[in-house]
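Q: Here is how the chains run, residue by residue.
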Amino acid sequence: MYTDVIMAGFGGQGIMLIGDILTYAAMHENKRVTYMPTYGVEMRGGTANCTIMISDEEIGSPMTGHPYSVIVMNGPSLVKFQPKVRPGGFLLVNTSLVEATAVTRADIDTLLLPANDIALELGNGKIANMVALGGYVERTQVVSLESIKKTLPKAIAERYHKTLPINIKAIETGAQLARRG
Amino acid sequence: MYTDVIMAGFGGQGIMLIGDILTYAAMHENKRVTYMPTYGVEMRGGTANCTIMISDEEIGSPMTGHPYSVIVMNGPSLVKFQPKVRPGGFLLVNTSLVEATAVTRADIDTLLLPANDIALELGNGKIANMVALGGYVERTQVVSLESIKKTLPKAIAERYHKTLPINIKAIETGAQLARRG
Amino acid sequence: MKESQLVKGNVALAEAAIQAGCRYYFGYPITPQNDIPEYLSEHLPKQSGVFIQAESEIASINMVMGAAATGARAMTSSSGPGISLMQEAMSYMAGSEIPCLVVNVMRCGPGLGGISPTQGDYFQATRGGGHGDYYNIVLAPASVQEMFDLTMKAFDLADKYRNPAMILADAILGQMKEPAILEPREPVRTSAKPWAITGAADRKPQYLKTLYLSDGEQEAHNLELMRKYDVIRDKEVLCEAKNLEGAELLVVAFGTASRIVKTAMNMAREEGIRIGLIRPITLFPFPSKAILEASEQIPKVLVVEMNTGQMLIDVQVSAHKSAGIFFYGRPGGGVPTPEEVLVEIKRSLHATAGIQASKNSVG
Amino acid sequence: MKESQLVKGNVALAEAAIQAGCRYYFGYPITPQNDIPEYLSEHLPKQSGVFIQAESEIASINMVMGAAATGARAMTSSSGPGISLMQEAMSYMAGSEIPCLVVNVMRCGPGLGGISPTQGDYFQATRGGGHGDYYNIVLAPASVQEMFDLTMKAFDLADKYRNPAMILADAILGQMKEPAILEPREPVRTSAKPWAITGAADRKPQYLKTLYLSDGEQEAHNLELMRKYDVIRDKEVLCEAKNLEGAELLVVAFGTASRIVKTAMNMAREEGIRIGLIRPITLFPFPSKAILEASEQIPKVLVVEMNTGQMLIDVQVSAHKSAGIFFYGRPGGGVPTPEEVLVEIKRSLHATAGIQASKNSVG
Amino acid sequence: MPQQVFKRPRTLSDKPTHFCPGCTHGTAHRLVAEAIDHFGVQEKTIGVACVGCAVFMYDYFNVDVIEAPHGRAPAVATGVKRARPDRIVFTYQGDGDLAAIGTSEIIHTANRGENITVVFVNNTVYGMTGGQMAPTTMLGQQTTTTPYGRDFRTDGYPIRMAEMLATLEGVAYSARVSLHNAKAVLNAKKAIRKAFEMQVNEMGFSLVEVLSACHTNWRVSPLEGQKKVEEEMIPYFPLGVFKERTGKDFL
Amino acid sequence: MPQQVFKRPRTLSDKPTHFCPGCTHGTAHRLVAEAIDHFGVQEKTIGVACVGCAVFMYDYFNVDVIEAPHGRAPAVATGVKRARPDRIVFTYQGDGDLAAIGTSEIIHTANRGENITVVFVNNTVYGMTGGQMAPTTMLGQQTTTTPYGRDFRTDGYPIRMAEMLATLEGVAYSARVSLHNAKAVLNAKKAIRKAFEMQVNEMGFSLVEVLSACHTNWRVSPLEGQKKVEEEMIPYFPLGVFKERTGKDFL
Amino acid sequence: MSSVTSERKQTEAYIIILEERCKSCRFCVETCPRECIVIDTKINAQGYHPAKFEGMGKCTGCCLCAEVCPDTAIEVFK
Amino acid sequence: MSSVTSERKQTEAYIIILEERCKSCRFCVETCPRECIVIDTKINAQGYHPAKFEGMGKCTGCCLCAEVCPDTAIEVFK
Ligand SMILES: Cc1ncc(C[n+]2csc(CCOP(=O)(O)OP(=O)(O)O)c2C)c(N)n1
Ligand SMILES: Cc1ncc(C[n+]2csc(CCOP(=O)(O)OP(=O)(O)O)c2C)c(N)n1
Ligand code: SF4
Ligand code: SF4
Ligand code: SF4
Ligand code: SF4
Ligand code: SF4
Ligand code: SF4
Ligand SMILES: [Mg+2]
Ligand SMILES: [Mg+2]
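Chains as they are written, first to last, in the working numbering: chain A, 12 to 192; chain B, 12 to 192; chain C, 29 to 391; chain D, 29 to 391; chain E, 3 to 253; chain F, 3 to 253; chain G, 4 to 81; chain H, 4 to 81.
Read the hints as simulated data drawn from the structure, not as lab findings. Note that the structure is predicted; figures quoted are calculated from it, not measured. Don't take every hint at face value.
Claimed, not checked - In silico DSSO-like pairs for lysine-lysine, Cα to Cα no more than 27 Å straight-line:
1) K232/C to K185/F
2) K46/E to K237/D
3) K61/G to K185/E
4) K270/C to K221/C
5) K237/D to K349/C
6) K221/C to K46/F
7) K45/H to K191/F
8) K17/E to K237/D
9) K270/C to K374/C
10) K46/F to K232/C
11) K317/C to K30/D
12) K30/C to K165/A
13) K74/C to K165/A
14) K30/D to K160/B
15) K137/A to K229/E
16) K188/D to K237/D
17) K374/D to K95/B
18) K17/E to K61/G
19) K192/F to K45/H
20) K192/F to K17/F
As the list claims (entries may be wrong) - One-sided excerpt, in silico: chain E residues whose CB lies under 10 Å from chain C:
21) P71
22) P137
23) G242
Backbone N, C-alpha and C define an ideal beta-carbon position, used for all residues, glycine too.
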């Protein structure tokens, strides 16, 4: 078993956090993992993204030009990453910030989620990332939702643990919509 | 034709100057020449020396560990250079500042000149170097005394040209003593 | 044994320094290694250690020199431009035989360059870098675990040989998170340092210096250093050899490039192509012997680097005369993909033996 | 034609700079090259030029960068420790393609070292020196006349390729006096510099920079630089070849070492031994082809350097596979004597072909 | 018909900046561009970019620009100005750039009285690299490398560069301004203009230290950042003119 | 029976120095050794040698010594002192070393208030390398790189380091003394002792600038050199104490 | 240009906010003495809620908003 | 140690000049208030004419000569 995913959006959208959560969940399922974030000036003003690889065997390159999956949280990220998804791969797009019409690849599985709107509905605009994570995990089944929930406290700093319930809620909502979508 | 000479003494004894003079004289006689002085911190407090090579052909290395001739103007220089003179070579020692008994090489030609004393006799303690130069040129015949005198004005800065006569006098005296010696 | 943790390469390295007994860090911020000073500024004070953010890289490395001269383990970390600024002092430390650790999480050059992963500082790291005849001990990790392990090793080697050691990493290794066990593999060696400058109580005053002005002194010193480097070459080579048996092609790659090669090797295996890998872990000393021996058996060698061909020359000099040597490199933050490497593997296999070193750089 | 003058190497170099149209000198004192700033501080003002003694080598090279960025010919000079401090900025200049001249009158290292003649900075000079993938154009004079001639040449090459050029000399070449003709061999080329930063009148604003952050930009830039270096390698190699015809042994040596070799060659000739010499005049680009061709004919190659073996590796990679390669070097200001070189010549001739590279260093 | 009374200065390009929202680097850029416009010297101005958040100067100023290595802008500017004394040369540097790694270059450039203008943006941190301590970080201030707050015993004291440089003979003008509100901006505008005027009149080295918020790294909102500048920075870094040469009395 | 009332301090080795005749580096060395003797700290003193005529410090002081790269002695001393705060650490630097290439290091070391002592010998030239201009060269002074005399328009102004450093918070003691006659030497002795006392009492950074002749490079006799110090240097570089911390008021 | 008077009379002055440049720092909002500026609910392409001019008739053209705008997103007309 | 009095009485004080250390700078000669020191005509091994004490009975042991000697070539006894 091997898969990878690139998650991308504005700095501040919590991209790195959902990357971390996925990585912990995969570790929990005894997979080998690598997690590669963007860093440095790239983060300022521009987009932030991270690449996660999950495998049963030793992982070679921790970066890829042809990801199996991509989560796109804003417009610039769609421009950058839509063309890179492997044929047959998976693309999740946050249509709250991205024009759905810009999603043009027909050779891949796509999931359009208005993540910010959903988040706002759930009462916290900042958890759009969790909505997306839920959608991704549900659709790809790369790890179980159970593992995600179990390892969530590891990835989220302790002082924010009071937000765990709302985060779980968002993940579940994302997953639910993915099942429907 | 090829020869070389190392001239050595205290900084301030005018070693570099007589090296320059010899080099100019050799150039005047259409020889190839190189002139290599000591430099930098080596000059401070310690001894100063220079190496001159004179040849009819292209000169390779401008330094030598086995000089044909050495002019020694002070004690430390004798210690350093006496052992290096090539067998059959020539060693000129300023016995005004060096114990004559320290001159021990028997396999070379030696000339002992109390250069400072002679210079004082000539009325200028600073021209001991010229006395030594005269002795060296006379004994080795590497260039003619004529060439030395002719090129002297080139090597000595113009503002000192009034000292030319006394310098020439010192060179001649050295040469004379070398003839006798 | 400690549990395996998900940790950033830079953090694993910083934690290794603490566990290796390093209590003195002096550094100046630069991407992509800022996690190192940030981690240490938080954790060193808890260990009664000293963290100083110096006013520059030059000050940093000279503070390292001062602290290390007292016998303490000391380090700095930086990237390209900052490492260039440290060359004078690193030359001094090699000359006065003061051990230390310098970490270079490489960024692109020349100049300010980008911060993408790259390996363009191989020459600088392995050729001394500063002026004069000397070498750094250079270790090239290829995983977060090795960021930890080799950092501990680097302190040991530095002390053992009284020589600067360098970790040569890149942004992937620094920024990537992987599970790693942050615990020493072997107990930390702490050696007596009678040469240290600690104040002349109960012994004669002593000094550490690099100025040699009397006849032959400097040369004697240089030759002594050379003898030391020869011992290091003899005793301290580390490399990973993989699938050499029966391979048609030998790939040589270090650090991040070697990981990409591994992915490409798997892809090749699936196509029935047998590839061997030598991954130099020490870049100085270079695993010349391993490469010579492997290339006696394997007729073709492909060097893969994230630069325009720097380790290449060491492979050329090391490999058996009969081996055909090929090169694939991408400089300036261009990370070769496993697919590209596979193409080069095939190209090398099909090329006639005549080509000695073809620089194929895909833009 | 001007008369031949007895002149110090450093002075010949400084005078060449003036004659090459260089009007901007920025430098910091260091032995054994102080005659250069001293001469220029006296003579540049007479030419309406600018001489600034900077507060450091770092300031010097950055001032050079600024002046050269306006299209003017500019230079600095230094030695070992100072040159090490310039590596960051030299990397920037290579990256932003700003031509300049940097003179390194080498001193011993590592560290402060001695000031005797030595060649320990070959690696630093020829491998870029600073961080990242780049090269300096490196010229190695071997006489006072060449201190003059190659300095003029260096300015031309720097401008032609928009790249830093370096004169790599040593204390003998800098301090020695020899007769020399201080007159250009060819007319000084002055090229238009449309890239120069002069103020944006009558054109769009432009810039010189080295920071490349968007995808692939830095890599493309690096590859472009590499193509430039390939052109330089192709077109600008200079070397002196002597007595290759029928030689039993090929000696490769540059700068001062080559002069000592010449004396040894004469001594050998007197003993009936036929020695050929290749003296690289450009160290980058290296005369690989000349060495390959010569070593196809001459079965043995002896490399003589005043270091512990740095150019050696370039000869090893260049020479024909069948050639046996030997090395003789003295580091740290130990100047090999012609007699010693002769001994090594004989030793190489008698050695079995099996030895690839024996480092013989006589203390 | 209403006329446009405030517009982008010619010298400022219309490329959107990469600065964080509310980062007053943007304001400082504009004021510099206005000064250049004011003296009508755009076509003969050469900018020297530092390494820091302002490194992309070449994207934002419609003048020729050369990028200097971190901290070395004053030395690069010296080279430029010596080669082209008829040009207007300025550097734009951060506090890490000017007061840490570039200490030596700024002091000696000032001391030589180089006829250049330095715009020095003091935001108490290394903005570009993620908010590490700068020489101007306030005592007690938490940064990514002073997690327990800056402690003078380990980290030294915040340096007042404008004052220190004012003590050097070569300096014609040294002032500190701020950008925390409209009035401050208007004062800053005057000071920056004055600094360029000094250069235009060949009076020697001029410097304006501009207090600026880096709220991203201070981890506050842009407005809170402005408040911190006013309430915390200004008391330690007083605004004012520390030196102003009036005649060519330096000759 | 007469008793010996003046003798070589224990901390000064009896190796003859390489200094030129009449070079007051020798005197400064002795005064430092006397101060170390005075506080009885020879066995725990670590010297940091600079590059300059004083580079051979390890030959002359009976203490442990580490050689620093040119200009970097304060940084090296910082490393030493941080690792061994119980040791007495001093640097001994020339004006090229401290005020030119080492500007950044001295300023930031002073600013951090490192508890070390700096002996700074200002002889207005680069002695070791043959008399080139230093940052402290007097206006009009001829050196091997200012053959027409130092001109502030090209070369800047002589920098007064003791005064500039005194402006930094971290500095506990900053003074300028001279060695041009016996009285000056006795004053210098006091200042150097005071500087070490500051360190012994953990008061922070202390510096003594020592005016010194380099008659070799000034091309005058030793006695003329002393006169020049008195008549030309002191008027520009006034003697005195520019900062003296009295209590531990820095805490 | 007429000088700004303190009297609150109807003016013709107005500003134009270059929406795509705006990063929503609120400086203009806080600065405007006539409270002519608010933050919009919409999001621009950069992902920010841009400032919006709502001061027709109130605005004096004093330019203070423009002076404090770090992104030169405001043009003032009078 | 008795304190130095200004009265010119015979004293027992004297100095020893370590001849081989002396570099003939003349500082002691110029400094001695009692003119006890002269420069010798002989040359030492370093090549200098060393200073010579000629002040027996004059010397007060004031140490000024020693204080100014850059080469620590003077020992004072009193
Ligand atoms: C030699 C070198 N060291 C370090 C860096 C990394 N670096 C880039 S910008 C910067 C500091 C930026 O801070 P500042 O100068 O205050 O500017 P700001 O971003 O705060 O405006 C540093 C340390 C570098 N590029 N080069
Ligand atoms: C990096 C570097 N640059 C230059 C030098 C050459 N150098 C040696 S000593 C010195 C200056 C000496 O002057 P100063 O510090 O005033 O000491 P002094 O000899 O006058 O006592 C210089 C420039 C060096 N050793 N290292
Ligand atoms: S990091 Fe700070 S200085 Fe840099 S752009 Fe953002 S707010 Fe401005
Ligand atoms: S050169 Fe000057 S500083 Fe150096 S020892 Fe001689 S007189 Fe003293
Ligand atoms: S110009 Fe003045 S009144 Fe008009 S919106 Fe701007 S700040 Fe308000
Ligand atoms: S000041 Fe400018 S960037 Fe800030 S909210 Fe107003 S218009 Fe937008
Ligand atoms: S001790 Fe005083 S009186 Fe005696 S010789 Fe010395 S200076 Fe003269
Ligand atoms: S002061 Fe010292 S060195 Fe100078 S002459 Fe007197 S004894 Fe000699
Ligand atoms: Mg800043
Ligand atoms: Mg000095």
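Q: Taking 10 Å as the limit, does the beta-carbon of P71/E come near enough to a beta-carbon in chain C?
A: Holds, about 6 Å.
Q: Is the Cα-Cα distance between K221/C and K46/F 27 Å or less?
A: holds, 17 Å
Q: So if I understand the rule, the pair passes when the alpha-carbon distance is 27 Å or less; does K45/H with K191/F pass?
A: Answer violated: K45/H to K191/F is near 33 Å, above 27 Å.
Q: Are the Cα positions of K17/E and K61/G separated by 27 Å at most?
A: violated, 31 Å
Q: Check whether the Cα positions of K192/F and K17/F lie no farther apart than 27 Å.
A: holds, 25 Å
Q: Just to be careful, I want the Cα atoms of K237/D and K349/C compared with a cutoff of 27 Å; is the pair within it?
A: Violated. K237/D to K349/C sits at ~43 Å, over the 27 Å cutoff.
Q: Take a quick look at whether K270/C and K374/C sit within 27 Å of each other, Cα to Cα.
A: Holds, at about 19 Å.
Q: Does K232/C lie within 27 Å of K46/F when you go C-alpha to C-alpha?
A: Given that 27 Å is the threshold and the Cα spacing comes to 12 Å, the pair holds.
Q: Compare the distance between the alpha carbons of K374/D and K95/B with 27 Å, and conclude whether the hinted pair is satisfied.
A: Distance ~24 Å between K374/D and K95/B Cα, so the pair holds.
Q: Holds or violated: the hint that G242/E contacts chain C, with Cβ atoms closer than 10 Å.
A: This interface hint is violated because 26 Å lies over the 10 Å limit.
Q: Hinted pair, alpha-carbon criterion (27 Å max): K61/G, K185/E. Please report holds or violated.
A: Holds, because 21 Å separates the two Cα atoms, which is no more than 27 Å.
Q: Is the Cα-Cα distance between K30/C and K165/A 27 Å or less?
A: holds, 17 Å
Against the hints set out earlier in the document, violations occur for numbers 1, 4, 5, 7, 11, 18, 19 and 23.
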